[in-house]
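So you can see what is in the structure, the chains are spelled out below.
There are 2 protein chains.
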Amino acid sequence: MSAENSSSTKFTYFFGSRATGENLTEGKADMKALLGGKGANLAEMARLGLPVPPGFTLSTEACLSYYKSGEKFPDGLDKETFARLATLEEVLGCKFGSSDKPLLVSVRSGARASMPGMMDTILNLGLNDESVVGLAKNSENPRFAWDCYRRFIQMYSDVVLNVHVSQFEFLLEDMKSARGKHRDEDLTADDLKELVGKYKRKVLEETSQAFPQDPKEQLWGAVGAVFRSWNSDRAIHYRKMENIPSDWGTAVNIQAMVFGNMGEDSATGVAFTRDPSSGERRLFGEYLTNAQGEDVVAGIRTPQPMSLDQKKRMNDGVKAVALEEKMPAVYKEFLKYQELLEKHYRDMQDLEFTIEKGRLFMLQTRNGKRTTQAAVRIAVDMVAEQLISKDEAILRINPYSLDQLLHPRLDPKKKGTPITKGLPASPGAVSGRVAFGTAQAEAFKAAGEKAILVRHETSPEDIQGMDASAGILTALGGMTSHAAVVARGMGKSCVVGCSDLHIRYKDKLFEIRSGKEKIIVKEGDQITLDANSGEVFLGVIPTVTSELNKDFEILMGWADELRKLKVRANADTPHDARIARQFGAEGIGLCRTEHMFFEADRIDAVRSMILAETQEERERALESILPMQRGDFTGIFREMKGLPVTIRLLDPPLHEFLPHSTTEIEALALKLGVSFDRLDNKTKSLHEHNPMLGHRGCRLGVSFPEIYDMQARAIAEAMIEATKSTREPVQAEIMIPLVMEVKELRMIRDRIEKLVHGILDKAGLGKQVLIGTMIEIPRAALLADVIATEADFFSFGTNDLTQMTLGISRDDSNRFLPEYVDLGLLPEDPFSSLDQAGVGQLVRMGVERGRKTKPDLKTGVCGEHGGDPRSIEFFHNAGLDYVSCSPYRVPTARLASAQAQLRSNRN
Amino acid sequence: MSAENSSSTKFTYFFGSRATGENLTEGKADMKALLGGKGANLAEMARLGLPVPPGFTLSTEACLSYYKSGEKFPDGLDKETFARLATLEEVLGCKFGSSDKPLLVSVRSGARASMPGMMDTILNLGLNDESVVGLAKNSENPRFAWDCYRRFIQMYSDVVLNVHVSQFEFLLEDMKSARGKHRDEDLTADDLKELVGKYKRKVLEETSQAFPQDPKEQLWGAVGAVFRSWNSDRAIHYRKMENIPSDWGTAVNIQAMVFGNMGEDSATGVAFTRDPSSGERRLFGEYLTNAQGEDVVAGIRTPQPMSLDQKKRMNDGVKAVALEEKMPAVYKEFLKYQELLEKHYRDMQDLEFTIEKGRLFMLQTRNGKRTTQAAVRIAVDMVAEQLISKDEAILRINPYSLDQLLHPRLDPKKKGTPITKGLPASPGAVSGRVAFGTAQAEAFKAAGEKAILVRHETSPEDIQGMDASAGILTALGGMTSHAAVVARGMGKSCVVGCSDLHIRYKDKLFEIRSGKEKIIVKEGDQITLDANSGEVFLGVIPTVTSELNKDFEILMGWADELRKLKVRANADTPHDARIARQFGAEGIGLCRTEHMFFEADRIDAVRSMILAETQEERERALESILPMQRGDFTGIFREMKGLPVTIRLLDPPLHEFLPHSTTEIEALALKLGVSFDRLDNKTKSLHEHNPMLGHRGCRLGVSFPEIYDMQARAIAEAMIEATKSTREPVQAEIMIPLVMEVKELRMIRDRIEKLVHGILDKAGLGKQVLIGTMIEIPRAALLADVIATEADFFSFGTNDLTQMTLGISRDDSNRFLPEYVDLGLLPEDPFSSLDQAGVGQLVRMGVERGRKTKPDLKTGVCGEHGGDPRSIEFFHNAGLDYVSCSPYRVPTARLASAQAQLRSNRN
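Chains A and B supply the protein sequences, listed in that same order.
Once you know that position 403 of the first sequence is 448 in the numbering used here, the rest is easy, because the numbers rise by one and skip nothing.
Once you know that position 433 of the second sequence is 478 in the numbering used here, the rest is easy, because the numbers rise by one and skip nothing.
Hints are not guaranteed to be accurate.
It does not matter which identical chain is used: a pair holds within one copy or between any two.
Said to hold, decoys possible - Think about it this way: if two alpha-carbon atoms lie no more than 20 Å apart in a straight line, the pair counts; the simulated SDA-like pairs of lysine to any residue are:
#, residue 1, residue 2
1, K388, L93
2, K146, A923
3, K788, I289
4, K729, S706
5, K788, N288
6, K788, S291
Since the hints were made in silico from the structure, they are not lab data.
All chains, full assembly: derive it from the sequences and hints.
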């Protein structure tokens with residue numbers, strides 16, 4: 046199908062049946078690329094015989110053609126669309142723009158992936174001065190009809206004609222005060238009719254054009270607006286965040302209107318087939334009577350529960366009225382559909398429905414967003430229910446989202462009293478500074494601080510602010526409100542519907558009113574969200590690690606059975622080592638010895654070592670560091686008993702250990718008993734223009750072999766001590782950093798190997814130490830075949846390898862890297878996810894060449910990419926033996942490894 | 046032949062004939078690897094029937110075996126050696142250690158390449174208390190015999206037994222004062238006999254061992270000392286300097302003694318078959334009567350000329366006695382041999398000879414060291430003489446030495462009056478600070494200053510000092526003295542035999558005494574050597590560029606005919622461009638636009654541009670820079686008319702253009718009319734941790750496209766102006782620096798291409814601008830196939846590519862790189878000569894992948910490696926189209942390219 050040759054392209058796809066039962070549906074669920082998610086699922090439901098209001102979808106190809114031809118509708122689209130409209134009129138027995146039986150439609154965007162950044166919906170399209178009369182007559186409810194018309198003008202003008210919604214809200218407010226009314230509902234049909242007249246004049250005033258009366262003109266305006274919303278700033282931002290290609294385009298769904306706002310026997314609602322927060326297998330949803338769909342999502346009124354069971358579990362459920370009580374028959378019918386859809390899609394569904402005068406219509410089904418915790422539980426449950434296989438269960442969990450599971454909880458002992466409570470919409474616990482808008486949230490983030498975005502409710506305009514924040518708190522909205530859905534998708538802690546919260550944007554503060562007390566919190570104040578309970582606290586409250594639940598352990602067990610890539614952790618202390626083991630690390634892939642150097646009780650010994658002017662002085666200082674290092678290593682070896690521990694010898698340039706300000710230098714000179722000048726000169730003499738490319742890594746080992754001698758000795762002696770207590774052989778691996786040339790590796794290796802083996806031999810221990818190297822300089826990857834002759838293992842240091850291969854200093858990259866990603870010059874930050882095209886070539890080269898020399902060469906990764914799922918898949922495919930990442934990322938890496946294995950099995 | 050299996054290895058090679066004429070010679074000239082240069086050439090001369098004292102060579106394999114087995118002589122070496130000695134005794138009719146007809150031998154080292162760092166010679170070995178009597182009898186000269194013995198003990202003890210020569214010199218001085226004699230020659234045979242006794246007691250005192258009387262013990266002592274001298278510090282230093290592998294080893298030549306010190310009918314000398322300084326075709330040499338060989342080389346007595354012609358050309362030749370006058374028959378015989386040897390070796394020869402009682406012996410021939418000027422002349426002459434081909438002529442010139450030719454001369458207008466004059470031993474002109482020893486010379490060098498090493502005479506101990514100095518001045522010695530030979534080899538300016546020079550090492554000064562005047566020059570004072578004339582000046586005298594002579598032009602013409610690799614120059618100004626053309630550059634490969642930014646009259650406009658806070662402000666500042674850049678480019682285009690000019694757009698980070706000290710910032714703020722704080726903040730905000738990997742290159746073009754716009758506009762407008770005056774189409778090539786990704790190249794390219802073509806089109810000029818990129822980030826080489834889609838050419842920036850591929854900041858490398866080279870971890874400074882193993886892979890990859898996309902992609906190199914001959918050969922083999930280097934290196938590059946072509950033709 047070619048979008049170029051538009052005359053032969055089919056752009057529209059019908060869904061729905063004739064009254065005769067003849068099913069006219071053309072699309073189905075697997076046509077998401079062409080019809081978008083919403084369109085494909087509407088077709089699928091129609092195909093299954095569910096009560097879907099009929100309609101048709103304009104395909105994504107129409108959108109792409111629109112952009113290709115410079116924002117013009119492709120040839121033939123109008124003819125096809127009008128033919129579809131004719132079928133629709135025929136099926137429903139009504140007519141577009143008719144004052145008798147008017148056809149009203151909704152126009153909704155629907156891309157392949159759900160995209161909150163895009164225009165969502167225009168309702169009631171087809172209303173004009175004539176058809177509003179027909180609607181009033183047919184509904185026997187003129188107030189409803191004029192309200193629909195009023196809403197349509199407002200929505201259409203805002204989205205299509207660029208007349209901001211506030212312009213109409215002013216008019217509405219004026220009308221209410223003129224009439225002395227407080228609520229919209231109190232306005233009469235005549236009031237609304239008058240308001241429609243005012244709305245139309247406002248449009249004429251603002252656009253110099255009358256509000257379009259021709260329903261077809263309305264339709265093309267709406268379709269064009271949907272197409273253009275694909276390239277709105279918000280949509281682009283969201284795509285970037287979610288890695289959605291910009292050449293997918295969006296489809297447009299044009300569907301007959303049904304009305305949940307036709308009275309108390311009408312309603313609209315959303316529901317999940319399982320609990321999206323916990324994953325429990327029970328219907329979970331909310332509805333509002335006499336409302337249009339957007340009212341639920343927007344969170345303006347407090348919605349009601351679906352089932353009696355759900356009502357029971359609510360805090361203040363007594364006042365609530367479940368749909369199960371209110372409309373038992375409809376509820377039963379709905380139960381049938383939701384079960385059918387979950388089985389059909391073999392996944393938890395997020396459903397939208399409308400009840401028009403007691404008649405149920407299904408408006409949407411899609412795989413529901415869920416918390417990670419819920420995702421894990423649902424996947425594990427569905428395996429038990431034989432709906433899906435273990436492999437599918439593994440593939441269903443987004444490894445990036447596991448962070449969320451492992452997010453710390455508030456320390457229960459330190460929680461204190463909350464100032465208020467809302468709905469726990471997206472779990473976790475987080476502290477940060479209050480921000481009332483995107484700009485402020487981004488400012489806090491840029492300053493290296495965490496922000497908590499506090500809003501009445503959120504809308505797609507807040508996406509960037511939510512992205513910049515660590516947590517989200519809203520006063521309005523339920524568990525399915527915009528804030529809740531988006532936060533869960535982002536894996537951010539979120540509390541919604543916190544009704545005590547009174548925000549005064551203008552004064553940049555919010556008040557909590559509970560009883561007599563009034564608490565005022567200003568922008569920039571620290572608060573803490575416990576999004577597991579919904580509680581909000583003043584100040585910063587310490588957190589503790591989440592325990593991993595049973596479902597998670599089961600899923601991880603499946604993943605561990607599958608994956609070939611081992612997962613280790615980067616850990617510098619016995620404490621880190623313990624956490625790493627708890628999270629399932631199979632060893633330590635990077636133990637940075639310099640972190641031990643920085644500890645307060647030893648930094649001065651390190652500084653004396655650096656200030657030493659002769660080898661003897663240096664050795665004396667090293668003697669005092671030796672027992673400390675030995676102690677650290679012993680502790681780590683004990684924690685990791687039996688598992689491999691890779692220790693990297695000293696890496697950073699020596700000047701990192703010295704103070705730089707005059708005051709600090711003065712203080713240290715006094716403390717160490719050396720002259721200010723000597724210390725100052727040393728600091729200056731160690732200054733480097735480009736320390737990243739300077740005198741560090743094994744270059745220090747070449748210049749000052751006694752430093753590496755001390756470290757090797759500490760390792761060997763710690764091995765002996767640890768073996769004594771654990772009675773398990775220690776698997777120590779000594780790693781030489783920043784090697785660029787086999788000769789430097791050989792020189793250092795020879796020296797420390799002799800030393801370590803000498804010590805171990807004396808203690809009657811075998812030669813169980815491996816000596817390997819980091820591959821973190823491009824030259825080392827290029828010469829991996831030669832370097833492998835002296836290395837027992839390779840560990841790719843992809844942080845430095847990225848810096849050198851791309852010529853980007855990570856410390857300085859903020860001046861241009863964000864712009865590069867914004868402009869699309871780089872697909873993402875290469876320090877977050879491996880640059881597979883460039884750095885990846887060197888990693889593959891390093892593995893292949895190294896193994897050419899030593900077929901059983903052990904290879905791993907210890908850069909931060911070791912915890913990034915996309916990068917992990919690359920490392921799996923490149924044939925690495927293990928990845929090493931921060932302890933909290935270990936589960937992510939285990940899952941990502943299993944997924945990589947599954948995907949490579951398929952190929 | 047295996048050195049491992051020593052019992053079956055042949056370690057010794059005889060040279061010489063029996064009295065019957067039977068030639069026993071086993072070696073020949075092409076066995077240098079096994080016999081060393083000296084041994085192979087002795088064998089060759091013996092083979093040719095020249096009068097060579099017979100002897101034999103212990104092969105380099107014997108030396109390597111010695112080292113392999115931990116400094117032990119290999120099995121079987123003794124048996125073989127004694128068999129050779131027996132033959133030698135038989136041939137000569139004398140006996141080792143005999144008191145009747147004693148065999149005396151010299152023991153000399155001889156490696157594959159001449160190595161001044163090694164032990165040279167022990168003479169008269171075989172003398173002991175008995176054989177000295179035989180020598181006295183046979184020579185009929187007891188004084189001579191005892192003097193030989195005395196010298197032997199001194200030399201042997203110094204070299205083999207580690208009793209320093211000064212110990213013996215004290216005894217000699219004592220003896221002379223006791224006898225009231227001034228010169229050694231005045232001592233009688235009895236005096237010397239007594240002295241021998243004292244010498245032997247000194248040896249016993251110092252070593253607790255009697256001086257060895259057994260000639261065989263003496264022999265093994267001497268052979269071991271030669272072997273060990275291969276690994277002396279000096280030898281190792283020399284090898285490093287000259288890139289001689291340490292696993293070559295040295296041979297040992299054991300040869301029957303002949304005596305140039307048997308009276309006035311005896312002599313010893315050295316000669317070159319052509320003038321080693323100018324290359325003129327005439328015998329040039331020096332001899333001393335009644336002297337041993339070392340006396341000439343050491344430069345202690347002033348030697349005499351070989352020919353009458355040579356005598357005529359001497360400044361003070363009147364007093365001299367040419368060998369041609371002194372011993373006409375011997376001279377004639379010598380003439381015959383030297384002609385034969387030059388024809389045989391097809392190269393200028395450096396000969397050593399001894400005349401023993403009127404009989405001529407040839408002791409050495411080898412290709413003579415020469416100045417570059419001489420090398421060029423000799424090569425060109427020998428082609429005319431049909432001795433060698435043009436190809437051979439080209440291959441004979443060391444391209445590294447061409448620098449010497451292009452070294453500046455003293456500005457004739459500014460020369461003034463010299464304070465003294467010596468012999469112009471190695472040409473050029475240089476100024477520097479007086480240093481009297483190695484330590485001081487190295488200290489000046491380390492401080493970034495030039496040193497002139499001033500010595501009575503130089504010895505191998507001074508090699509490091511000479512290496513550290515820019516020029517050498519000696520009071521003693523002739524054109525073939527140690528200083529002269531080594532300086533020519535190093536390509537350093539050198540003046541020798543400056544007899545007015547009186548050095549007082551202790552007082553760290555020298556005096557020049559001429560007539561009544563006395564000039565005192567202290568260590569650290571600046572002097573200037575004009576080593577083309579031999580004149581010495583006080584202070585620093587400006588220099589001018591050497592003109593290239595006719596021979597050079599002929600040779601370059603041959604090179605240009607041969608080579609395929611084009612040679613361009615790096616030039617930033619019309620002046621540089623003119624010099625580049627004079628030296629034969631075929632275009633400009635790198636014109637750095639930022640150098641123009643730094644000029645005093647425009648730097649402030651550049652700074653205003655940087656301080657601009659809006660795009661408009663920036664554009665205003667750029668408007669004022671535009672005409673200056675346009676003017677620069679116009680000038681360069683005019684100079685290079687018709688030849689390609691590659692202009693690199695702005696590359697360095699902006700902070701390089703701002704001042705950094707508080708005083709400078711204050712001054713500038715005042716000048717620009719901005720506040721100190723604003724300027725200071727800007728400077729601080731632009732600070733980078735690793736500027737090498739920071740916001741520079743095309744990253745500036747991405748952030749501030751208006752800067753590149755201005756530069757592109759300046760180029761296009763300059764093309765129009767230059768075309769008007771030269772009426773030749775300008776070949777402009779715009780080069781985008783620091784590209785890592787095709788998208789950034791595409792974005793910048795699209796923008797400037799449109800701009801430039803717009804301007805050129807308006808002027809009616811074609812689209813003759815190429816737009817290409819530097820390949821200087823490893824990723825760019827890895828992704829060269831993709832990048833080539835947007836590049837008309839690649840220019841490898843091997844400076845930055847080396848920094849990033851090796852992870853070495855050039856600015857910081859001095860802290861460890863010298864140590865790396867010293868330890869042999871890197872073969873040489875990778876910024877001087879391309880790291881072919883590492884960076885070279887990326888260059889090859891870049892060319893291959895780029896050409897896969899665009900078979901006719903133009904590729905070049907513009908790093909400093911473009912002027913390094915070894916690197917040039919690599920670039921030739923990698924298939925590059927051109928190299929670009931500094932204008933002065935252009936001839937070097939032209940020659941190196943031709944040599945690379947010749948060598949690749951052979952393969």
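* Asked: Hint numbers the structure violates, sorted upward?
  -> The structure conflicts with hint 2 only, although it agrees with all the remaining ones.
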